[in-house]
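Following the hints, complete the assembly by docking chain W onto the known chain Z.
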Amino acid sequence: MSMGLERWLNSTEAGAESTAEGGVPRRTFLKLSAAAGGGLLLSFILPRIIWNSEATGATTAEVFAPNAFIRIGRDSRVTLIMPYVEMGQGTDTSIPMLIAEELEVDLRQVTLEAAPPDDRQYANPIFQFQVTGASASVRAAWEPLRRAGATARTMLVSAAAQTWNVDMTSCRAEKGEVVHVPSGRRLTYGSLVETVATLPMPDHVALKDPKDFTLIGTSAKRLDAPDKVNGKAQFGIDVKVPGMKIATVAACPVFGGKLANVDDSKAKAIKGVHQVVRLDNAVAVIADHMWAAEQGLAALDIQWDEGPNATVSSADIVQQLESASLGPGVIAYEDGDVAKAMAGAVKKVEAVYQMPFLAYATMEPMNCTVHVRKDGCEVWVGSQVLARAQATAAEVTGLPLDKVQVHNQSLGGGFGRRLEVDVIAQAVQIAKQVNGPVKVVWTREEDIQHDKYRPYYYDRIAAGLDEQGMPIAWSHRISGSSVIARWFPPAFKNGLDPDAVGGEAEEFPYKLPNRLVEYVRQEPPGIPTGFWRGVGPTHNVFVVESFIDELAAVTKKDPLAYRRDLLSKSPRAKAVLELAAEKAGWGQPLPEGQGRGLSVQFVFGSYVAQVAEVEVAKSGEVRVTRVVCAVDCGMVVNPDTVRAQMEGGIMFGLTAALFNEITLKDGRVEQSNFDDYRMLRINEAPAVEVYLVKSAEAPGGIGEPGTTALAPALTNAIFAATGKRIRKLPVNRVELHSA
Amino acid sequence: MITLNVNGKSHELDVSPDMPLLWALRDMLHLTGTKFGCGMALCGACTVDLDGQPIRSCVTPVVEVSNKKITTIEAIGQTSSGAKVQKAWLDLEVIQCGYCQSGQIMSASALLAANPHPSDTDIDKAMAGNICRCGTYHRIRAAIKQAAQSNVKGA
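Sequence order for the protein chains is Z and W. Okay, so the first sequence: first residue is 360 according to our numbering, each after it adds one. Okay, so the second sequence: first residue is 4 according to our numbering, each after it adds one.
What the hints contain is simulated information worked out from the structure, not anything from laboratory work. For clarity, every value in this text was computed on a predicted model and none was experimentally measured. Hints are not guaranteed to be accurate.
Unchecked claim - List time: in silico DSBU-like cross-link candidates among lysine-lysine, alpha-carbon distance up to 30 angstroms:
| no. | chain 1 | residue 1 | chain 2 | residue 2 |
| --- | --- | --- | --- | --- |
| 1 | W | Lys148 | Z | Lys591 |
| 2 | W | Lys71 | Z | Lys599 |
| 3 | W | Lys71 | Z | Lys707 |
| 4 | Z | Lys706 | Z | Lys1087 |
Unchecked claim - Where chain W lies over chain Z, by a calculated footprint (3+ residues, C-beta under 8 angstroms):
| no. | segment |
| --- | --- |
| 5 | 644–651 |
| 6 | 721–728 |
Every residue, glycine too, gets a C-beta built ideally from N, C-alpha and C.
Looking at chain Z on its own, in the form it has when it is part of the complex (with noise of 0.2 angstroms):
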């Protein structure tokens, strides 16, 4: 999410780090307790970076309502129980690597359960918040999981001088134990637990100096990987419950449609076909496994009532847009007198741009197990929200929460796609009507037919410039669907949608006397539309960065020149964009049809700047063959993580600039398995580097940047190499054909 919401968000919670930081004492939220089963157990909170209480109360001093705990056993071994999931992006191991660095613990001797909402040692309020998103884990956590660390760490050593009758700094902490220095005697933390559990907590514990960290920043090895090479990791798709049977399902192709009527006599007769589901919208076939099931859906014979939206085009949305994108927006930034300036621009440059309906098409197809009984329903899933699937199957089966349980699984790829619970509403519907535990799983064709798409975006952009070709005056309205009003309708305020002018709002890094940014909403008929991956700012930055390398054009300047000229006011920004530069060789010469483009952008917390380098045939054909991208993410917990981020997030924003757009023709959409909607693959895919910027800055988020970065550089590169301005995504070959 961009952080124009995180902002939102946080100034309107009284939430735990703005509560902390106004002089309660630190020990209000953190709490230490005997654990059940022995040993110790602190709880704390992570503050919550984009999720906002739902309607009921913020945290406030009064109520402590942890969610997070570590657990030290007697046997020394330390549980971190966190609300985050693994979805790929590392979380799995930089999160623990915060408290091990600061408990003085070895990484392996931490390990990790994933907080379930049902569990009653943990039951609590704030679970309602659990979210994995926005590339927040690690900026969330960032604080809190080192202070808890330390406050332990701390006890620990107090713990150990009274056993010993010492004074405390003559011991120190080390790899599990705790060593009285002098002596050399040594007690392991597992026989402290008892005695920390009698002491008072300290009302300020110090929190290491960076320069004496030695787990984070360290490339710390993945601890999620060794069961991902051998086949042992268990997604959700891989569930298997005693009794189980399968069902894949077909969804009404029309958005807002409904199921009229259906003959399921030849879907029947099929081996391993066992029953026919009949849901509002949808028809799903319950057999023995899933090849019966997917023989069984293609034998139905189904008659859809279509509804309103049987009759929409892509083009017809468009203009729509169009038409939308004329009238006055909402205002998201206003700076200066836009109007006054523009009047009294030597020259004015206008543009349109536009965005596609994207899809995730995550790997790992959507998919839910449910068992529903009469006094009580489990649920099986990968899920970005947690708490969100179990208020879900509550709602679906009209039992209580604390009879629904939600064992979280790994998510092949998340994207933002299980940000969603739409598969987990549908699945426990099914399962309602089916006796025993059932596995929910999509087809390919299902998952880029019923996705929710990030939203189709509609830009007039224009700008005013000096003498010199700067800026003065800058107007950027932004046309199209709101997710926040979808998803999360209290962020939603006097029709400002804070996500989808993310990373042009103050995020914005150029230094520009008048500046307006404003929103339209236009919605799609029917089309539900989601946060995906790098969300507003995937939007915003292609926008910006591509509208400014347009200036720099008109003005005949370099792009790097330009956009240094602009930064005066953002350090870390030029550094990146200075850096990537560099290391791409910027300003040498390239053959004829090749060409270097370059974007930069603050968002998520981070500074990114991207160099891609692209040959352009005659044909059209566009191949990539080199991105250089330069991260300024604060403090890095774990530079690997970083570079793994950089690197598949920029594989993830080039398939979309190259190929991705989702389509509508008869309210339907077009696309279906990755022959229409193609991936980038091996052959394609460029050379990458990353180089980052050491810096002692709190961490930003890394999961989304690098796509975020990515299109404009592609495109600024055609430009390069073409002439040829791409405002419109995904690039168009015909276009760029110059035989």
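Relative to the frame of chain Z, chain W by itself:
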């Protein structure tokens, strides 16, 4: 009855002959390391080894592979090339979400078993059928090269 020889074990399955091998592995034998991605041999997530050849199990009817030697991700580490590939994958931290990696490792292992010193072009050819949505491609390339280095030149 169809007889499947998977990872050195023989299984008698009462399934229709046209059932794709993928579903026999996953839903009948509960070997879930082999993944479903597209159902049309477009993504490679379902890749298994058939007598030394990488095949897409989602479009391979069980009847075609009856009594042939099938190796899946669960046992590929017992082959020399499979073990090298797995080690290189861990050494270079190839994996992100990991869902496609069973298929990637199966394709890479088959490549190295047949061609101990693949060129970039060889790697492109052998691996272009395997999609990775997390975009781990250049680590995959580097890992294959590292695994190949442990093969004695000329072998």
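Now for the hints, and whether the structure bears them out:
| no. | hint | in the structure |
| --- | --- | --- |
| 1 | Lys148(W) <-> Lys591(Z) | 25 angstroms, holds |
| 2 | Lys71(W) <-> Lys599(Z) | 27 angstroms, holds |
| 3 | Lys71(W) <-> Lys707(Z) | 71 angstroms, violated |
| 4 | Lys706(Z) <-> Lys1087(Z) | 24 angstroms, holds |
| 5 | 644–651 | holds (count 4) |
| 6 | 721–728 | holds (count 4) |
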